[in-house]
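Respectively, the protein sequence lines represent chains A and B.
To convert, note that position 372 of the first sequence is 372 in this note's numbering; the numbers rise steadily by one, no gaps.
This note's numbering runs 1000 ahead of the 1-based position in the second sequence.
Hints are computed from structural coordinates only; laboratory data are not their basis.
A portion of the hints provided could be inaccurate.
[Stated by the list, open to error] Computed from the model, here is a short list of chain A residues facing chain B with C-beta under 8 Å: (1) R37; (2) Y67; (3) A106; (4) G177.
[Claimed, not checked] Examples of chain B residues lying across from chain A (beta carbon under 8 Å, computed): (5) C1017; (6) C1042; (7) Y1049; (8) H1053; (9) N1077; (10) G1081; (11) C1100; (12) C1120; (13) E1123; (14) N1125; (15) S1135; (16) S1138; (17) L1210; (18) E1211.
C-beta atoms are modelled at their ideal positions from N, C-alpha and C, and glycine is treated no differently.
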Amino acid sequence: MEPVIFEERKTQIHRKGAEPFSISCNKSSLAGAVSQRACVFCGSRVVLYPIADALHLVHGPIGCAVYTWDIRGALSSGPELHRLSFSTDLREKDVIFGGEKKLYQALVELIDRHQPNAAFVYSTCIVGIIGDDLKAVCKKVEAEKGIPVIPVQSEGFKGNKREGYLAACEAMFQLVGTGDTSTISPLSVNILGDFNLAGEIWIIQDYLKRMGVDVVANITGDGRVADVRRAHGAALNLVQCSGATMDLAKMMQEKYGIPFIRVSYFGIEDMSDALYDVAKFFQDKDPEIMARTQELVREELTALYPKLQELRKDLEGKKAAIYVGGAFKAFSLIKSFRHLGMNVVMVGSQTGTEEDYQELAEITDEGTIIVDDTNPLELSAFIKEKDVDIFVGGVKERPIAFKLGVGFCDHNHERKEALEGFLGMYNFAKEVHATVTSPVWNFTPRRRKSPIAVNHAQEACLS
Amino acid sequence: MKKAEPFVSTTNACKMCTPLGAAMAFKGLEGCVPFLHGSQGCATYMRRYIISHFREPMDIASSSLGEKDAVYGGKANLMQGLLNVIGKYKAPAVGIATTCLTETIGDDVPTILHEFKKECLAELNGDMPALIHCSTPSYGGSHMEGFHAAVRAMVAQLADPATEKHGGINLFSGFISPEDIRHLQDVFAHFGLPVALLPDYSETLDGPALEDYQNIPGGGTPLDAVRAMPGAGASIEFGRTIKPERSAGAVLRDKYGVPLYSLGLPIGLRESDALFTTLETLAGCAAPRRCALERGRLLDAMVDGHKYVAGKKAVIYGEEDMAVGLTSFLSEIGVKPVLVASGGESGLLSEAVAAVTGEFPGDPPLVRDGVDFYQIVAEAEALEPDLVVGNSKGYRELARAHDIPLIRVGFPIHDRFGSQRVLHLGYRGALNLYDLIVNALIEKKQDDSPVGYGYI
């Protein structure tokens, strides 16, 4: 068989144990390689999207808005303006004569109609080319309408998703510092990098509440403009995810002196560590907090552990492959699979950094394939080579698993199951169990020869 | 016709962008890998969107332009990307569609491809795949313009003028479901008519479980079948809103003299009759008994069920041709179409709707083209429909918000299972739609009733 790995991509794949650690990453995707990555616009859009009382206007032709309409399962406890898709729907004449006038009119029209608390205006490829002055239009509308109107410099071709994250953070940073912080508790945090998929942020908020910690702003799941504006009043930033909101945390540290800690709410250890780290941070101010936190974790684990053991019986020794957007999530997933008695044999991400991959190499077993910015050809080859039982990814990866007769867990932003927290660990285990133990794999052609096979069939029976 | 209130902004668009349609059409050519010349995001977004409907792999390559390329031109990336795709996928064909980025920076794709063929032939060991290209700036229409542009490009660029005459029929069947494609092929087989149906994604986007992963899924219209299209006895093209300059059938008629039968998408009784009588003419014999029986069963069901649907009001939206066909069918069964809406802007929608509703009494439906779901919902509220027929994008704001049953048809269907297998076309497709509609109305009545009727 022909090798499936492009010569240019060889350095983006590492096999643990076969060679000393080295991987190249954070490169532009190889043309023609069918990368699973999206673009700068995508990065900005997914980060800002869950701010539910803001208007999100995509300035560009219709596609960019259509494909991101209600794309995330980011829930809101109140307004749901974020679930609508707004576009300036640029046409040929706009491209020739410029889209500024149309943008102005669209903004005014939509702000009048929906009365949002802020507006984000996303720049797309075409806007970068025709040179519309987004900032000027936003400034003008902001003055007229009296709400923040913030340009997001997210021209699609300007890099990969990471640049989009940065553009989103820069946009949000314009809001931070503009609200009143006088009533904020000294035991308070902002939750950064959680998007409230399937209500996950509410699980985390509940834990923090039980610990006695207030949440000032959710950034951005179930997010509100007013909360972001007063986020600089929090004592600590909790940053989840591989970098979507890291830039914002750094900006807030620099300007407002707010420290941040990196956390993950996936899996038992990482969830517990996150809560303990918060408790440690506040124990000078509240000496009881550590005891309360320990009690909370004990309570949750006592309920969770027997349920996991039950599921583990059927999963012991099974093999998993992981391909996710950000590498940070992969760390937690590897640990979670260990709790289920399963081994991770392939792990990769769209936007991991060298340090991320180094850490992955340290915590995985010998022989594990570590890969940056991969594609369907490589993924299918790795899954076959390692003969995995489950593949964890997003919608684009799902058919690759299913076509190979392999179980699948959606761990991307479309999912409808909460996977964070101790509850999420149970949901995750249940989902893994449901797919891995399904009887359908007994019949897929890779496992059992079909009595009636497509390959040998003719159009009609010959008489 | 009343004009919908003109808004500057678009909210919840009732259309997709042109390159998506082109990628869909290219997916229906055997061995063809769709390739978007633009930034990486376009290909990835469209893949996700299409995968969510079909639940099948949908590889779309991209030239992955970066900032430098946007300034200096995308030629190098396009050529490198093509080499990569051809090398790894061993693709016998690549369908290249432009995007708004490359159209605006002015990349001359035909010239670049010409150079590619010259410069890279040796590198590919003399084995140059078919390279088909079409121009699809996403500010130049909806996904349907892209779809038709790609179909037309495949025909115009692959057709071999030296083809000898043969008795086959070319069928340009439009943006329909894989199940529709399979049904059409069966119908042609029963008529004994060899057919070259383009694009045929019935297998590429609804494939079987196989032993191994297919880098390029099997199926698709064979390249040779497209090459041989000038020799066909006739072409049939579905779609009352295809402009002549976008028609693939018109290329073959004007250039090679292949007679063209332009029909509506065969949804419902009359539009299917138009297809089957055309097939009778082409085959020179009466429709096979099984087809006649299907028509008879459809009519029988229309009689059995007429009181469940009588006088119900329906809102229909989606691609223009799909909307016209559905409107035609709903009118036939006694449902009153009150609003026919589309994000498309061919300019031919109201004329086409009038043609299929004219013979029935009462006011014709409101026809709205170039509208979004904000406008559709606003119009629909005053019309108090009993039924909504369209893709799944009208669910939340229209059907759910007003507690109206939604019959999911067309593309995309992102919130139901089995979207590939919805049959819309022919007598059999009409019967399938009829069952769905009647049962949705019965279910609504049953759910709304305190009695809990066990017989309806």
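Now the hints, each set against the structure:
no. : hint  : result
1   : R37   : holds, 6 Å
2   : Y67   : holds, 4 Å
3   : A106  : holds, 4 Å
4   : G177  : violated, 30 Å
5   : C1017 : holds, 3 Å
6   : C1042 : holds, 7 Å
7   : Y1049 : holds, 5 Å
8   : H1053 : violated, 11 Å
9   : N1077 : holds, 4 Å
10  : G1081 : holds, 3 Å
11  : C1100 : holds, 5 Å
12  : C1120 : violated, 12 Å
13  : E1123 : violated, 13 Å
14  : N1125 : violated, 13 Å
15  : S1135 : violated, 12 Å
16  : S1138 : holds, 4 Å
17  : L1210 : holds, 6 Å
18  : E1211 : holds, 4 Å
When each numbered hint is compared with the structure, violations occur for hints 4, 8, 12, 13, 14 and 15.
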